[in-house]
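Colleague: Single-letter residue listing:
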Amino acid sequence: MTQSRLLKRFIPAAAAVAVAGLALSGCTAHSASKASSSADTLKTLTVQAPFLSAAPPAKDNEIGTRLEKILGVKLDINWVPNSSYEDKTNITLAGSDIPDVMVIQGKDPGFVKNAQAGAFWNLTKYLKDYPNLVTNSPAVQHASSVNGQVYGIYRPRDEMRTAVMLRKDWLDKLGLKVPKTTEDLYNVAKAFTEDDPDGDGKKDTYGIVVPKWPGPIGSNSPWDAIETWFGSGNLWTKQGGKLVPSYTTDNWKKALDFEKKLVSNGYVNPDFATMDSVNWNTPFMDGKGGIIIDTYSRARQINGLLEKSDPQNYQKYVAVTGNLIGPDGTMHALPTAGYSGFLSIPKSSVKTEAQLRQVLAILNKLNSKKAQVLINNGIEGKNFTLVDGKAAAINPPTDESTQLTDTVKSYAQLGIAVNGEKFYDPKQPNAYDQAEYDHEEKMMNADLKHAVFNPAAAYVSDTYVMQGATLDNIIGDARIKYIAGQLDQNGLTAQIQRWRSSGGDTVIKEINALYKADKNK
Amino acid sequence: MAREVFRYNTRAGRAFDVANVIFLTIVGLVALAPFLFVLVRSFASEAELTARPFFLWPDHFDLSAYTVIFTTPSFTRAVITTVLVTAVGTVIQLLLTVTMAYPLAKRDLPGRNIILSLVVVTLVFSGGMIPTFLIVRNLGLLNTYWALILPLAINPFSLIIVKNFFQNLPAELEESAKVDGASELVVLWRIVLPLSKPILATFALFYAVGIWNDFMSPLLYLNDTSMWTLQMFLQQVTAATDLTTAQQVDPNYIPPSQGIKYAVIVIATIPVLIFYPFLQKHFAKGMLIGAVKG
Amino acid sequence: MSSTLTETSPAVPAPAPVTVRVPSLPPRKRRLWARMLRYRWLYLLLAPGVVYFAIFKYAPMYGAIIAFEDYVPFLGMSGSRWVGLAQFQRFFNDPDFFRLLGNTLILAGLSLVIAFPLTIIMALILNEMRLMVLKRTVQTLIYIPHFLAWTVVASLTYLLFAQGAGPLTHLLNAMLGTHIDFLSDPAWFRPIIVLQDIWKNTGWGTIIFLAALASVDQEQYEAAVIDGAGRFQRVWHVTLPAIRPTIIIMLILQMGQILNTGFEQIYLMTNSLNRQVADVFDTYVYFVGITQGAYSYATAVGLFKAVVGVVLILGANWLSKRFNQDGIF
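Protein chains in written order, with numbering that gives the first Met the number 0: chain A, 0 to 520; chain B, 0 to 293; chain C, 0 to 328.
Same shape as in the complex, but just chain A (with noise of 0.2 angstroms):
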């Protein structure tokens, strides 16, 4: 049979295959299945949460239980590995198995479209009813909104994780102090690389480890610390009533000559732009880089694993600091977003007024003491005790307050405090480390008070949404490049102007008719 006549034979035999496939099965694009009425109360709280342990929660767990219990509801949680959160999450929003209550892990614009166009509940007029979901922090809130509506209750998050580890022994050896300002941190990255801080007559140490990055600009890399200490803002910055990018401004072109400068010194790795962030420890532990500058909870990992290495000396080789203060003499601390996602209510699942309060209610009941301790410390006297009013682990550890510790984490996705945080911070195991953990406190609310907050945080612009990706990786890329080297001034300059032209301007403009619009701020 030849080719054309295949064809002729081909476009009918294939309808009709496409027919029976779809008369045998059955078809719905979408519908809502849920089968409540609205005047019943509700007897079960159907939630989707990540996960991010190896394996999820055990069913008819003890957390579970007695969180049921506070709540006064059922609770069915599908407990989705944090992997693949993204793939189920629209999986579910095109099925018709919607939960009641889904854990949204960021303002994505896939999460845009889908408020945008109806499927979750608009909740900045009834936070207010429920005094537990008020919250204590109006800028993250609005950070958390969609130009300036809420569409999920946020989780909280430190707001304030920037901080500087560098090797203590190597600062010690040198007669360095810690740094303070940004010139500190070029001095000493300077001396790690020519002084020989490690004392073996090689000239085989450098400065700041830095890796490749997997986020995209504005995602608090080291680079993006860097940039907010010299003072360009936050990815956006005000200047003259208006919103611009920091990438637009003078500081930022300070900072990026800075980095030029150490990067071509020789004072941070050479694989900068290629090194997988995974081994991001490895150099400073195998004595290669003194300086990283990432957050506190790196800080803690790595003497956690220098004390597993080294239990009697570990104290001797990190010391720790917060922001830096720039070339201008002030202190422009680079704050976190201060939330990661929020809890959404879909609108399919739950239908009417009346049912969504029901579901606020339950929520307001997540944000008391006792639920909030129950799922962020667990349970007095089985994985924790109360010492000095914080949760001491039990040690040694028995297998049940393992598993309960696991469990916890995992409940913790559903942590909403967003008027206070009640539950008990964590007692650290030694001496040794409360001060460390004390300190880190310190510094942190200290530099708090200088937080440089993102002001476009709520704003999404369509042509970001569109072409987001794209615009970041222009910047992003220039920057590398500039920094090795591989672009001039002018090069640099031109890579901004792209930016402007495929579709930057649009989004300058976009924003700031957000703002503009946006009486909330």
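Keeping only pairs whose Cα atoms sit at most 25 angstroms apart, straight-line, the calculated SDA-like set for lysine to any residue is:
1) A/LYS189 / B/ALA50
2) B/LYS177 / B/ARG189
3) A/LYS515 / A/ASP504
4) A/LYS260 / A/PRO215
5) A/LYS480 / C/THR177
6) B/LYS196 / C/VAL234
7) A/LYS68 / A/TYR129
8) C/LYS28 / B/LEU108
9) A/LYS408 / B/SER225
10) A/LYS260 / C/GLY163
11) A/LYS307 / B/ARG51
12) A/LYS68 / A/LYS368
13) A/LYS87 / B/TRP145
14) A/LYS179 / A/GLY230
15) B/LYS105 / C/MET249
16) A/LYS508 / A/ASN453
Source of the hints: derived by calculation from the structure; they are not laboratory data.
Assemble the complex: chain A is given as a structure, and chains B and C must be docked to it using the hints.
Modeller: Positioned in the frame of chain A, the structure of chains B and C alone reads:
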């Protein structure tokens, strides 16, 4: 006797053989090395893994990664589940493929070319994740193990290759059987299948590996975590678990020890490695000897 | 010269056709019905497979419709706004389109020209190995890399080629007298990708050829030897022709995948310094389509790739038939 017949013993022949041995040994080692790398690192402690990016043997032999894994009850269950689903699934998928390939190997079967064209299209076109999910859901297959087997039951690529293989078998075999009064089914069962052992073994392996490595299907179709397969663990544990980005989601997150990542890779890979040698005996040469003569 | 396996030389006359009384049908139709009746059991065998394709492959194809919409998962396929060819226009008008096309085709071309023949050569070499123990062992070892996830492969690549510390970096730079950073230099991106590809997939690819080689009639070899063929000549005149059908069908099917470079491998090896040559359709679709929630756009690109794939497959098939070789049909 064979050596003289095939004249292997020439000088060029021997030189070639020696070179071949050396070459293949190197190839084997290059292929094995990375796996050994992972294997060795699965027996090291976290501190050592961070401090030493590369080593041939750990300073301290540390079984903690494996103990953690095997004392997670859901993990052992997942291994058993995956083995069973793979075994049953492979048989079903191979059966469906062979029963569809054999008729399509007959060039004069009415409708054959249309069906083949439709199959070729599915090599590149696919409806996508969401529509397939909806179909599976409408068939009531959610939360069943059938959802791990049926949606990917026949791989169009495999189908075409198996069909071509059947097509290329000598027609005399079939003819002589038909003369003896055999029906189509008997020909398939008694003659074609035994001769197709290499190709059947190959695709048994391909399908088995496909099911074993599939993590999309359990993610999409299994909500009940007690039904999880091994790949779900593997994905979760080895997916980019960068501390900084993960801690934005969970501030208390401590990534699994690198040792656990390596151990999970080892555990997820070894069963398949063991499977292949069993199939190798079907790759023996000369299966057609005597078949044409007889 | 075609292989003996594809020639049909009936040793016995074909069996007499079954006569079917079908009143007043034209002769051609009668032959058609006759054949269908004769093959009735085959249709039974065929049925489950066809049903499978109908339900699980063709029925979901209605999902392609989202390429013509502005799809929002919540609104579903019937509720999303229709935009016609807008997504395709956006794709073809993207200033990066030709760069992506170029990068994708170059990688596909390199894979076809280098990795594909290497697979065949490896299969032949394995076939010629007479030390059975080594042969079986290496056969098992070479497909191990196929099972290591790309993240592991990427980590190992970093280890080997890391600037300054990587052993291969030292070696290659010493040999070439240069100071190249292989991981960030755009000129080395493609060679490293192809190397990774060869390492990971060659072993797996030999399996099919080994299966085909196992089916070669030993008598062919014996006949060739009697005719005075040496070892190399045997490979050239007996082995290769014997697996020619397999080679051709694999080549044709490969054509359909030409625009599918695979996302994970490329993504892991991409960085700010080599993005110019590293960006391919699959990574582009991931960033612009998936992370931005633009499913319609991603589907439109997918449709484009699929159309190109079908055209190439049918084209390759036609070419193959032209030269009297095997094809898909």
